[in-house]
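Heads up: the protein sequence lines correspond to chains A and B, in order.
Mapping to numbering that gives the first Met the number 0: the first sequence position 99 is 98, numbers consecutive.
Mapping to numbering that gives the first Met the number 0: the second sequence position 221 is 220, numbers consecutive.
Careful, some of the hints might be misleading.
To be verified - Across the chosen pairs, the derived CB separations fall in these ranges: (1) A/T192 - B/A311: 26 to 32 angstroms; (2) A/L35 - B/Q183: 31 to 37 angstroms; (3) A/P103 - B/G313: 33 to 39 angstroms; (4) B/L25 - A/M294: 54 to 60 angstroms; (5) A/V186 - B/G313: 35 to 41 angstroms; (6) A/R321 - B/V86: 43 to 49 angstroms; (7) A/V28 - B/D153: 51 to 57 angstroms.
Unchecked claim - Partial list, derived from the structure: chain B residues whose beta carbon lies under 8 angstroms from chain A: (8) W3; (9) F5; (10) F35; (11) R118; (12) A124; (13) A127; (14) V131; (15) G157; (16) L261; (17) L315.
Stated by the list, open to error - If you want the footprint, here are the derived chain A segments under chain B, 3+ residues with CB under 8 angstroms: (18) 39-50; (19) 129-142; (20) 257-267; (21) 289-303.
It is worth saying that the hints were derived from the structure and are not from the lab.
All of these numbers come straight from a predicted model, not from anything done at the bench.
Think of the CB as a built atom: it goes at the ideal place given N, C-alpha and C, for glycine as much as any other residue.
Chain by chain, the residues run as shown.
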Amino acid sequence: MSDPGTAGMFSFARRFDPAVATAFVCLVVLLLVGSLYSSNFLSLEYLLQQLKVASFLGVAASGMMLTILLGGIDLSLPWTLTTGAMMSCAMASFGLAGAIFAVPFGVLCGVAIGVANGFSVAYLRIPAMIVTLATNAVAQGLMVLYSGGYSPRDFASPAMRYLATGFAIPGLPNAVICWAVIGAATVFLLKRTTFGRAIYGIGNRERVAYLSGVNTRRVVLSVFAVSGGTAAFTGVLLAGYASKAAQSMGDAYLLPAIAAVVLGGTSILGGRGSYLGTVAGVMLITLLQSILSVMQIPEFGRQIVYGVVIVCMLLLYGRGPRTRA
Amino acid sequence: MKEWRFWLAEQRGTATAFAIFALMFLVYNVNHPAGFSANVIQTMANKGVLLAFLAMAQALVIITSGIDLSVGMVFMLTNCLASAIVVGSPVQVAVGVVATLAAGAACGAINGLIVIFGRLQPIVATIATGAVYYGLALAIRPTPGGGVDETIADALTGRMLGVVPTSVVALATVVLVVWVPFRQSVTGRAAYAAGSSEAAAYMSGVPIHRAKFVAYTLAGLLAAIGGLFLTFFTYTGEAAYASGSAYTLFSIASVVLGGVSLFGGRGSAIGAIFGALAFRTIGDLLFVFDLDPLWQPLFQGVVLLMAVSLGALGLLRVRNRLDWFG
Chain A
0 MSDPGTAGMF SFARRFDPAV ATAFVCLVVL LLVGSLYSSN FLSLEYLLQQ
50 LKVASFLGVA ASGMMLTILL GGIDLSLPWT LTTGAMMSCA MASFGLAGAI
100 FAVPFGVLCG VAIGVANGFS VAYLRIPAMI VTLATNAVAQ GLMVLYSGGY
150 SPRDFASPAM RYLATGFAIP GLPNAVICWA VIGAATVFLL KRTTFGRAIY
200 GIGNRERVAY LSGVNTRRVV LSVFAVSGGT AAFTGVLLAG YASKAAQSMG
250 DAYLLPAIAA VVLGGTSILG GRGSYLGTVA GVMLITLLQS ILSVMQIPEF
300 GRQIVYGVVI VCMLLLYGRG PRTRA
Chain B
0 MKEWRFWLAE QRGTATAFAI FALMFLVYNV NHPAGFSANV IQTMANKGVL
50 LAFLAMAQAL VIITSGIDLS VGMVFMLTNC LASAIVVGSP VQVAVGVVAT
100 LAAGAACGAI NGLIVIFGRL QPIVATIATG AVYYGLALAI RPTPGGGVDE
150 TIADALTGRM LGVVPTSVVA LATVVLVVWV PFRQSVTGRA AYAAGSSEAA
200 AYMSGVPIHR AKFVAYTLAG LLAAIGGLFL TFFTYTGEAA YASGSAYTLF
250 SIASVVLGGV SLFGGRGSAI GAIFGALAFR TIGDLLFVFD LDPLWQPLFQ
300 GVVLLMAVSL GALGLLRVRN RLDWFG
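Looking at chain A on its own, in the form it has when it is part of the complex:
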């Protein structure tokens, strides 16, 4: 990338993934379609509002993207998210100390679930899809037991509300800043650290990464821990946004998170993809949902259009290779 002169053009072409480009084009098309319906779609307030809504999905998709890059997937997102939300609210009810430790405690609970996932995938060699399904069920069981099957009565701490709804920089919602920080950290991790390169290596072929001297099991364990942490942090933000946690608040995030990562050009088989694409995917999903609800299409129509659009976009640029020997 630092080659002088002629390499500039090549590196630009090499770095510019066609899938990411298509995703951004789709994004612009979506905005234009929206603006035909109402000129508000191009207003700054609307776009900022969408960015704020997108940041919750964006945080969740960051961890999901890392696990997908590894060639795994984290299906425990819904209840890890709910665990993060419920546990941070529970902590917040313990006076001043509780209010201070609410956010870290919520995230820590998510990391714990992530470590359980990562340990089973990395050391017990159980496929990620099955084990995260099982830990999701266990987390659900624990939370149902804790909450008695109802929405807990604890409220979010002021810090959580500030993170989700405040404005540290005038005009820019804090939730967006949270996403930006997590996004920047993810990009740094993927592009500038050996750990990040190891993630791509394992996603391409774990055996080779292992033979190259990468401690693959530790990398896998860490990535799932991070994924659990981001999922729980999404829960913390959502609890701060709604000022309390709720049962099954995470269900609405699993499929959009996976869809956002895949629409952003990350291969579901692992080893290929960029964070920029995930950003595009997250905004695509959020805008699509927003436009469908603004147009006041009934719920069934929204679901149908949502599914059809995802299939069509994937047919544009997400197709796999032809079967060959």
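Model the placement of chain B on the given structure of chain A, informed by the hints.
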């Protein structure tokens, strides 16, 4: 290795699933307050059979090394459809049943076409089609309601000869009519071959496209049979998102318990059925031990986690560390 040893190795997953089910069934019935009676069995069967149909559907697709995350939504869609059209005169009821099954098969066929010719990864393609099917279900039933012909519903959820639950007979019939012919056919073998190694199967001239298409279509059909039975049990149709996605996840769990490899090419729908019945029985065990129902989700989750962790025992046999990476 002798021929019968291959056969035995092939049946190990199914046999384990059957053993788990038999054990759980025994524990359940010995401890049930009402004892071992036809009524208890009938209730168990009616709950278990729904998941068994979905587990069969999921197993067919997973054998080709795909996955169908829309199976719960097809189940919801056909439930809503059946609650609208399986009513009226006997002829109308018959037409309604056939139309419901055809709709399910069509959903499966669409999945298959997208995966085969669209060359999309099954996991994301079926997430998207699942949203579409759920949307269609909502379009038919925005609010829970509808009805079903009670004669056929009661006939298929009651008991035969006073002992055998009709739903189990129906399940066995479906196995004989759908699964056994599929397994014996060239297409069925091709499905296993495609799941084991698609490239090798392709080079050997195995009809992998036809095999996958049939597997996805039959999965849709089986999910529709499940949806039809759900309507017979509940007499209504409801498009419940949570229920649909729970059934999808449970179907994968059942398949795993049933000894079907998620990498494809290994296992059988029979194993998946026992996996589903075992999963259901485990979930209900708490009731017979008179524990707080709030413990049920946790108990189910822990059992599931333990079941999948059993797969780690294979690590003890690894002699070369490179075998970790399969």
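Now for the hints, and whether the structure bears them out:
1. A/T192 - B/A311: 26 to 32 angstroms: Between A/T192 and B/A311, where Cβ atoms are some 30 angstroms apart, the hint holds.
2. A/L35 - B/Q183: 31 to 37 angstroms: violated, 56 angstroms
3. A/P103 - B/G313: 33 to 39 angstroms: With a Cβ separation near 38 angstroms, A/P103 and B/G313 satisfy 33 to 39 angstroms, so the hint holds.
4. B/L25 - A/M294: 54 to 60 angstroms: holds, 57 angstroms
5. A/V186 - B/G313: 35 to 41 angstroms: holds, 38 angstroms
6. A/R321 - B/V86: 43 to 49 angstroms: Roughly 47 angstroms apart at Cβ, these two residues keep to the hinted range, so it holds.
7. A/V28 - B/D153: 51 to 57 angstroms: This hint holds: roughly 53 angstroms between Cβ atoms.
8. W3: It is violated, given that the least Cβ distance between B/W3 and chain A is near 30 angstroms, above 8 angstroms.
9. F5: Given a least distance of 24 angstroms, the restraint on B/F5 is violated.
10. F35: violated, 29 angstroms
11. R118: At 4 angstroms from the nearest chain A Cβ, B/R118 passes the 8 angstroms test, so the hint holds.
12. A124: Since the shortest Cβ distance to chain A is 7 angstroms, the answer is holds.
13. A127: Hint holds; B/A127 Cβ to chain A Cβ min 4 angstroms, cut 8 angstroms.
14. V131: holds, 4 angstroms
15. G157: Nearest chain A Cβ about 33 angstroms off; hint violated.
16. L261: holds, 5 angstroms
17. L315: Given a least distance of 11 angstroms, the restraint on B/L315 is violated.
18. 39-50: With 0 residues closer than 8 angstroms to chain B, the stretch 39-50 of chain A misses the three-residue bar; violated.
19. 129-142: holds (count 12)
20. 257-267: holds (count 4)
21. 289-303: holds (count 7)
In terms of the numbered hints stated before, the structure departs from hints 2, 8, 9, 10, 15, 17, 18, listed from lowest to highest.
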